[in-house]
Amino acid sequence: MTAVEERPAAEIGHPRRRKEDKRLITGRTRWTDNLTLPGLLHLAMVRSPIAHARVTSVNVDDAKQAPGVMAVLTGSDLGEEQGSLPNAWPISDDQKAPPHPSIATDRVAFAGEIVAAVVARSAAEARDAAELVDVEYDELPVVLDLESASQEGATLAHPDLGTNVSATWVFDSAEAGTGSNVDDAIRDAEVTIERTYRQQRLVPAYMEPRSVMVDPTHEQITMWSTTQIPHILKLMLALTTGTSESKLRVIAPDVGGGFGGKLQVTPEEVITLLAAKRLGRPCKYTETRSETMVSGHHGRDQIQRLTLAANRDGSVTGFKVDLLADMGAYLGLVTSGVPILGAFMFNAIYKFPSYRFTCTNVFTNKTWTDAYRGAGRPEATFAVERMMDELATELGMDPLELREKNWIKHEEFPFTTVAGLEYDSGNYEAATAKAKELFGYDDLRREQAERRGSDDPVQLGIGISTYTEMCGLAPSRVLGSLAYGAGGWEHASVRMLASGKVEVVTGSSAHGQGHETAWSQIVADRLGVPFEDVEVLHGDTHIAHKGMDTYGSRSVTIGGIAALRAADKVVEKARAVAAHMLEANPDDLDFAGGQFTVKGTDKSVAIADIALATFAAHDLPDGFEPSLDAEATVDPDNFSFPHGTHLCAVEVDTETGGVKIRKYVCVDDVGAVINPLIVDGQIHGGVVQGIAQALYEEAIHDDAGTLVTGSLVDYLVPSAADLPSFDTDRTETPSLTNPLGVKGVGEAGTIASTPAVVNAVVDALRPKGVRDVAMPCSPFHVWQAIQDASTGGPS
Amino acid sequence: MTRIEVNVDGVAYSDEVEPRMLLVQYLREVVGKTGTVVGCDTSNCGACTVHLDGRSVKSCSVLAVQADGHEVTTIEGLASNGELHPVQQAFHDTHALQCGFCTPGMIMQSVDLLAENPNPSETEIREGLEGNLCRCTGYQNIVRAVQKAASDAGGVS
Chain A
1 MTAVEERPAA
11 EIGHPRRRKE
21 DKRLITGRTR
31 WTDNLTLPGL
41 LHLAMVRSPI
51 AHARVTSVNV
61 DDAKQAPGVM
71 AVLTGSDLGE
81 EQGSLPNAWP
91 ISDDQKAPPH
101 PSIATDRVAF
111 AGEIVAAVVA
121 RSAAEARDAA
131 ELVDVEYDEL
141 PVVLDLESAS
151 QEGATLAHPD
161 LGTNVSATWV
171 FDSAEAGTGS
181 NVDDAIRDAE
191 VTIERTYRQQ
201 RLVPAYMEPR
211 SVMVDPTHEQ
221 ITMWSTTQIP
231 HILKLMLALT
241 TGTSESKLRV
251 IAPDVGGGFG
261 GKLQVTPEEV
271 ITLLAAKRLG
281 RPCKYTETRS
291 ETMVSGHHGR
301 DQIQRLTLAA
311 NRDGSVTGFK
321 VDLLADMGAY
331 LGLVTSGVPI
341 LGAFMFNAIY
351 KFPSYRFTCT
361 NVFTNKTWTD
371 AYRGAGRPEA
381 TFAVERMMDE
391 LATELGMDPL
401 ELREKNWIKH
411 EEFPFTTVAG
421 LEYDSGNYEA
431 ATAKAKELFG
441 YDDLRREQAE
451 RRGSDDPVQL
461 GIGISTYTEM
471 CGLAPSRVLG
481 SLAYGAGGWE
491 HASVRMLASG
501 KVEVVTGSSA
511 HGQGHETAWS
521 QIVADRLGVP
531 FEDVEVLHGD
541 THIAHKGMDT
551 YGSRSVTIGG
561 IAALRAADKV
571 VEKARAVAAH
581 MLEANPDDLD
591 FAGGQFTVKG
601 TDKSVAIADI
611 ALATFAAHDL
621 PDGFEPSLDA
631 EATVDPDNFS
641 FPHGTHLCAV
651 EVDTETGGVK
661 IRKYVCVDDV
671 GAVINPLIVD
681 GQIHGGVVQG
691 IAQALYEEAI
701 HDDAGTLVTG
711 SLVDYLVPSA
721 ADLPSFDTDR
731 TETPSLTNPL
741 GVKGVGEAGT
751 IASTPAVVNA
761 VVDALRPKGV
771 RDVAMPCSPF
781 HVWQAIQDAS
791 TGGPS
Chain B
796 MTRIEVNVDG
806 VAYSDEVEPR
816 MLLVQYLREV
826 VGKTGTVVGC
836 DTSNCGACTV
846 HLDGRSVKSC
856 SVLAVQADGH
866 EVTTIEGLAS
876 NGELHPVQQA
886 FHDTHALQCG
896 FCTPGMIMQS
906 VDLLAENPNP
916 SETEIREGLE
926 GNLCRCTGYQ
936 NIVRAVQKAA
946 SDAGGVS
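As they're listed, the protein sequences go chains A and B. In terms of the numbering used here, the first sequence is residues 1 to 795. In terms of the numbering used here, the second sequence is residues 796 to 952.
Calculated directly from the structure, the hints in this document are not laboratory data. Here a beta-carbon is modelled for each residue, glycine too, at the ideal position from N, C-alpha and C. Any given hint could be a false lead.
[What the hints assert, rightly or not] Negatives, chain B to chain A, calculated, CB over 10 Å:
#: 1; residue: Tyr808
#: 2; residue: Ser809
#: 3; residue: Leu858
#: 4; residue: Gln861
#: 5; residue: Pro913
#: 6; residue: Gly949
[Unchecked claim] To give an idea of the chain A side of the interface with chain B (calculated C-beta under 8 Å), a few residues:
#: 7; residue: Ile25
#: 8; residue: Ala498
#: 9; residue: Gly512
#: 10; residue: His684
#: 11; residue: Val688
#: 12; residue: Ser711
#: 13; residue: Leu712
#: 14; residue: Ser719
#: 15; residue: Phe726
Bound-form chain A, shown alone (with noise of 0.2 Å):
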């Protein structure tokens, strides 16, 4: 790490080692819970065990009086100063809501909801006396279920509400004018393939727990947090709790990991906020593991009913969609939006002719859920890929051919789908080929056909994905059409020092994608400085004054477009004082590798110099403001639609049900690359964490709303010996609405694993009669799946 790598011809497209890994290689980090004040208080929460229930007394007497306690906080106590946590995006305008305090006041609506805190003098002094906090509880029964939930007469999550009912939302081609009519279409179908998929409900996982610390002394209160969003999260708390936006400092110093998990206003945010107002005196909360499973919101967890209605030789003709999706207790951030993102998906790469998709959002008596990884194109892409499947099946065509019929076509971008999206660019068939090649396509299928031909008790199932995703969420005027709270565009700015180094200022906010290093490249080569000599800043409202942070796959496609933007302003207010120094017009002046060179001359200066000239103002320009600061703020066009080809091969044991992957083959198109290492590694994990899905996770509550996977114990989150090594590759079709090409690619992987897996595994097992495996497909689920197609049991 102490050599300095060779300068390549240009930083983009280098497979540079990243900035960010010496502190984290070392163990210099700062993680929240590194941090600490002098006088520091500590937070333990006291959590409901029972799903729902009026709480009828929370006697704090005890606890008050343990060793080091300094206060125990209730519901009551902090009355109206705790506001209710945000839901961003009301999808409708009678979207119904309960008040979702942080700390629960006379009633608790799901196992894990938080009745009390204590502050006490360390954590161990604090979780102590939590063990004396007396809360009793006066039970209400629990709807658990989603289907039920939905049923007119279910028992109810929320009383007041009348209902189980948030909102529903519906996107219809006929009405949209994208498409004809899907019922039309379904009625005049020669084939039409009808499926019920359920998405079962996750926990993201990111392993750094949350944790949140609060500085309220001096004008200005800090809070450190292990957040995706400082930059949302300082509004929101100040419309929560009525702080003035400006007399808050957010700072998200290094962060483990989100996955959509820290893009939340939390109940432990504004309780330790609120604490340290109070006490006067900082205070920190730190969850355990056991909490953060609880507590920490929950993703998927849809049931999708599907018709996809087809003609004999394969082309589709219309697909409708009919979605419950379960909201949980409460709405969170994004909760109720997280479903409607996959609304614009469950057409993927095909050419549908009609659709129309619609969702009920619903409550349940358990832990909220909202976004996780892909947050609605994962269920969306899973829909469509196994259904295409499924029609393969039933006409007797190969998946890939019956695919190929009714995808976009290379020349055909731009493409406006059914769905309303206007895809700019895709080689749909260049990135499948590529795939192909490389899975031994044809020879596994000889296999498969061998394995069948002879009973073979381990069978051999091989499953597609054809996927797009829209990501870099994304353009301000689409989200406003949504009702979606905020806008969706980035800021930067960067800075070129008297010495020649450069600052880069970013409101995105990494967690683990490598800003610092990417974002080092793309600057580089605009300004034509060595990559070590940039710095880039950013995870502090204070420093990234303005920012939109981190989700959605969105940081390069607007932030790093946004440096872009900042360092060729640069570059122009640089070129002023060149020709100044050079006595040359501006426009005579060429700009590449860091000189400014006067054309047909070799009378050139470096930008560092000009840096220092300017710092120094002695002789600049007339008029010339003495500053090569710039900034930018970028709003999308549009989203970019990064795709690809995934091929899985998995062998299944028809006597255990247990499977194991053979050969995983991914070819992913995410346009133009800033760094491969980089975007191998998002999708390397992108890919683990849905065959996560397909294999191995799912949160479970028992019958009455406690979690039973509350544990990494009983909560598979897959280790190395539980997975293959993938090979993966790309090709390269620019998207059009950037000027580096580039699309998003924090979640593609995820996003098209999940199908490919589970078509392998029902591929497998279809000489059985098996047509669906509950996800995840363990060894019961598969098992039981084989049981029921010999007994003609459910399927």
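Since the structure of chain A is already known, use the hints to place chain B on it.
Relative to chain A, chain B alone:
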């Protein structure tokens, strides 16, 4: 309170600790070795892995008093004389980390794995790291890092 004498990253410490204090709490809160982190409360994630007398342990599963009279190496004590340990270097070279939260434990476990088996197969690496969870990398580059460290040290992997 109990007095313990522990050598951490080459420095001798003598402290009074509560008998219930975990080694990881002692390292983080008393000694200030915050490079070692806590990722769970059930000994599943391995983020807190350190070396106790040269062998890897999950420091959430050891009481501070059990370390009395022993030698602890954390991620902060792995590099020597400003030179990264070969496993640290391999993690950097192969992009074997993203958020980096699991990395201290993952590196400490990998060092132990290679000490025990200098020339592991991919399967042996995967099984040797089974007790350390990573949510970012999909493990692919972590496996490569261990392979690279092994081959840099003269193994054939």
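| field | 10 Å Cβ clearance of Leu858(B) from chain A | value | Holds, because the least Cβ-Cβ distance between Leu858(B) and chain A comes to about 14 Å, which exceeds 10 Å.
| query | Should the hint that His684(A) touches chain B count as held when the rule is a Cβ pair under 8 Å? | reply | Holds. Min distance 4 Å.
| query | Against chain B, is Gly512(A) within 8 Å by beta-carbon distance? | reply | Holds - the Cβ of Gly512(A) comes within 8 Å of chain B, reaching about 3 Å at its closest.
| task | Could you check if Ser719(A) really has its C-beta closer than 8 Å to a C-beta on chain B? | result | With a minimum Cβ separation of about 5 Å from chain B (threshold 8 Å), the hint on Ser719(A) holds.
| request: Determine whether the non-interface label on Pro913(B) survives the test: each CB of chain A must be over 10 Å from its CB. | output: The claim stands: Pro913(B) keeps its Cβ more than 10 Å from every Cβ of chain A (closest is about 19 Å).
| request: Beyond 10 Å from every chain A Cβ: check whether that's true for Tyr808(B). | output: With a cut-off of 10 Å, Tyr808(B) remains clear of chain A, as the shortest Cβ separation is near 17 Å.
| Hint check: is the beta carbon of Phe726(A) less than 8 Å from a beta carbon of chain B? | 6 Å, holds
| Interface restraint verdict for Ile25(A) against chain B (beta-carbon cut-off 8 Å) | Since chain B brings a Cβ to about 5 Å from Ile25(A), closer than 8 Å, the hint holds.
| Hint validity - Leu712(A) Cβ closer than 8 Å to any chain B Cβ | With Cβ-Cβ at 4 Å, under 8 Å, it holds.
| Given as non-interface: Gly949(B), partner chain A, CB spacing beyond 10 Å | Holds, because the least Cβ-Cβ distance between Gly949(B) and chain A comes to about 21 Å, which exceeds 10 Å.
| Interface exclusion of Ser809(B) relative to chain A, criterion Cβ beyond 10 Å | 21 Å, holds
| query | Do the numbers back the hint for Ala498(A), that is, is its least Cβ distance to chain B under 8 Å? | reply | 29 Å, violated
The structure shown violates just one earlier hint, number 8.
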